[in-house]
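Residues per chain are reported as follows:
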Amino acid sequence: MMDALILARWQFGLTTIYHWLFVPVTLGLTIAIACMEIAYVSTKNESYKKMAQFWGKLFLINFAMGVVTGLVQEFQFGMNWSEYSRFMGDIFGAPLALEALTAFFLESTFMGAWIFGWDKLSAKAHMVVAILVAIGSNLSAFWILVANSFMQHPVGFALQNGRAEMVSFGDLVSNGYVVGQYAHIFTDGLMIAGIIIASVSAYYLIREKAVDFYRRSAKWGLTFAIIGGILVMGAGHIHGQYVTEVQPMKTAAFEALWETQQPAPFTVVANINEETQSNSAALNIPDVLSLVAAGNSDAKVLGIKDIQKMDVQKYGPGNYIPNVTALFWSFRVMVGSGILMFIVALISYWKLRRNTLVQSKGWLKVLFWMLPFAYLANATGWFVAEGGRQPWIVYGLQKTAVANSPYVTAGDIWTTIIGFSLIYILAAIAAFYLAIRCIKNGPQGNDSHDVAAVEEEAKLWK
Amino acid sequence: MEVIFNHLDVVWFVIVCVLFAGFFMLEGFDYGVGMLLPFIGKNDIERRQMINSVGPVWDGNQVWMITAGGATFASFPNVYATLFSGFYLALFLILAALIMRGISFEFRSKSANRTWRSLFDWLLFVGSLVPALVWGVAVGNMIQGTPIDAQQNFVGNLFTLFSPYTLLCGLAFVLVFIYHGAMYTSIKTVGAIAERARATALVEGVITAIGALILLAASFVCTDMFNNGLSLAAFIIAIVCFIISWICARVRHTGWGFIFSCATVIFVTIAYFAGLFPRIMVSSLNPAWSLTITNASSSPYTLHLMTIVALIFVPIVLLYQIWNYWRFRERISLEHLHY
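So the protein lines, in turn, are chains A and B. Numbering of the first sequence is given in this note's numbering, commencing with residue 1 and proceeding in unit increments. Numbering of the second sequence is given in this note's numbering, commencing with residue 1 and proceeding in unit increments.
Just so you know, these hints were derived from the structure itself, not from any lab. Keep in mind it's a predicted model, so treat the numbers as computed, not measured. Take these hints with a grain of salt, some might be off.
[Claimed, not checked] Cβ-to-Cβ under 10 Å is the rule here; a few derived chain A residues that face chain B:
{"id": "1", "residue": "GLY70"}
{"id": "2", "residue": "ALA100"}
{"id": "3", "residue": "ASN279"}
[Unchecked claim] Away from chain A, derived, C-beta distances all over 10 Å, residues of chain B:
{"id": "4", "residue": "VAL14"}
{"id": "5", "residue": "THR67"}
{"id": "6", "residue": "TYR165"}
Each residue gets a CB set at the ideal place from its N, CA and C atoms; glycine is no exception.
The following block holds chain A by itself, in its conformation from the complex (with noise of 0.2 Å):
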């Protein structure tokens, strides 16, 4: 029988790997989709505005999952945490109403218009509604990411009272790990939206189908992908230089860095054991974690053992290494998948500027592959953020074994897990078959505007 602390932790994994496979998708195509307004106001030009609406239903798909699935975000550190929230309230409470408040509202309100406005507003206004949802989106990912960072960098707070309490909110924001953060998702949002774009695109074209419109959103898509793929690697390794310093532990999992060592090597592959602490069967290349996480091929990074001393040292006795073989096995996943996808998207553009994409059908089908890979470096992504800062969940000042709430038990849990499972089974099935009906349909589909396709509807109910 799992005791009631694991199974919050497999429900807020599930819950919130689940709601993150949406929300990266939504991140990039509310931009994407605004600057084809743009495109569209400026050259009037009808294929823009034929594009935006196309991609403007796909991402409506994606958004409904990102909203239903975010509302249990929103209250389940209450409903599973309440000693975190208890200890955290002060300064993790702020964040989460300014996501509601300035981002929640703005994203919502006018997406209600953007979908009911194309004949009800005029272009200019209804790309100022595009707009204003794309920065509704980031805008939303910004203040839960100031909300994260102080889970795994806290600043500004200071104890008292028996909790933490927020001293500067200025420092919040502030927090080198937001930005840190921030950049490598803002970033990750558009490479992932053009990705998609792309290889959805790269679906149509290998059937011929609106060869045009294809070839044109496909060049979106690329050079989405190619300008978000540069810039996501830049802020993640800026971002992992500085993780190595706040959270040297999480780096040293990552690469399963068993021992200090100078200089240290990177380790392609190897068979990781736990219980020896050690690696087996390693690839290694040396020097290279040296440069990558401290910037010098010379310098000193900290092994996972001489952490852990450190850290008893520090916090008491106890054992602060996170679960090594999940996080260096996701790191790579995540990493290789965001390669993968950008050699692809550089060799797909190149294709497209010599005309040879559209006649290639077996290279459109790898484009068309990358979409896998697109949710799977997410969900990957996300889980070294969150599992390489265990067994914390608030970094050196609460545990997660004493963060969760003391009165709901593992028959509750039980509960709400398999209920949100089935519901969130049932709901992707859903979502699936109307992304692919919505797909298959492609730019020419059926809008429902036709009020004669509205009254041969309802004789359904004849």
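Given chain A, put chain B in place with the hints provided.
Relative to the frame of chain A, chain B by itself:
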């Protein structure tokens, strides 16, 4: 300004009350529309009119609930912790229902298959009924009192939450929201459905009025909320607004009817918050263990910060939400069916 910054905990009690009032007023009618959908929408056109009448606004309305939750977290973290960990399975029911509801809005009309649409219509019904009922039950529990110990932890279970009084509260919420939704439908749709909604409101309104009077009497017996005269006054104003709304509907001034049903929901919320003040969750074990604006609030620094944020952003949000309602103020016609 100085008055505001000297009594930040009171200010935040008021802001949370405003957010919950906004949430109940706005989501009240779209829950109502959802509950009425399978019964008064006789064919697909009518149902689509109803769904599209809340189409541009339901998501923005739902953010009022999210904001009420977020603001509670920021200003009274202990209430957030006790309420949601204590009413755990009840909140799960609300969230599960709202997930089904949100998906139903988006997915229902994207396939022209009768079974598909019928399925999502019933999900919309359940997804609207459950949160209306459970939020009513939750409010009833906050005022009637729940087993909260000295460490501010709720020590009951799901069944602790259901008493005759709290169930009555839940039922009252459902009835008021159905009426509210019927009024909204009557002003936003055209043809037979608009008239049917009005007729439904007139009949259902009588039941709601009787329910409200029973709730008023029960609140005297089961709670101490009317020790605060303001609470009693607000409750009576709510009933008066409701009667005015019904009369307006009777004489076909449905626009005014809707405005007064909005007022009804707002004054009911004020009645409960005034009855709670300065408590937020009443402990049935020991009055001293109740969560109050003093022992459950954030630090003065955080409250100060959030007050500035609220003073700036709440008016901005109100402005663009009103713009959105104004922009889409027309009745629903067949050309504008996106859901």
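Structure-based check of all given hints:
{"no.": "1", "hint": "GLY70", "in the structure": "holds (8 Å)"}
{"no.": "2", "hint": "ALA100", "in the structure": "holds (4 Å)"}
{"no.": "3", "hint": "ASN279", "in the structure": "violated (41 Å)"}
{"no.": "4", "hint": "VAL14", "in the structure": "holds (15 Å)"}
{"no.": "5", "hint": "THR67", "in the structure": "violated (4 Å)"}
{"no.": "6", "hint": "TYR165", "in the structure": "holds (23 Å)"}
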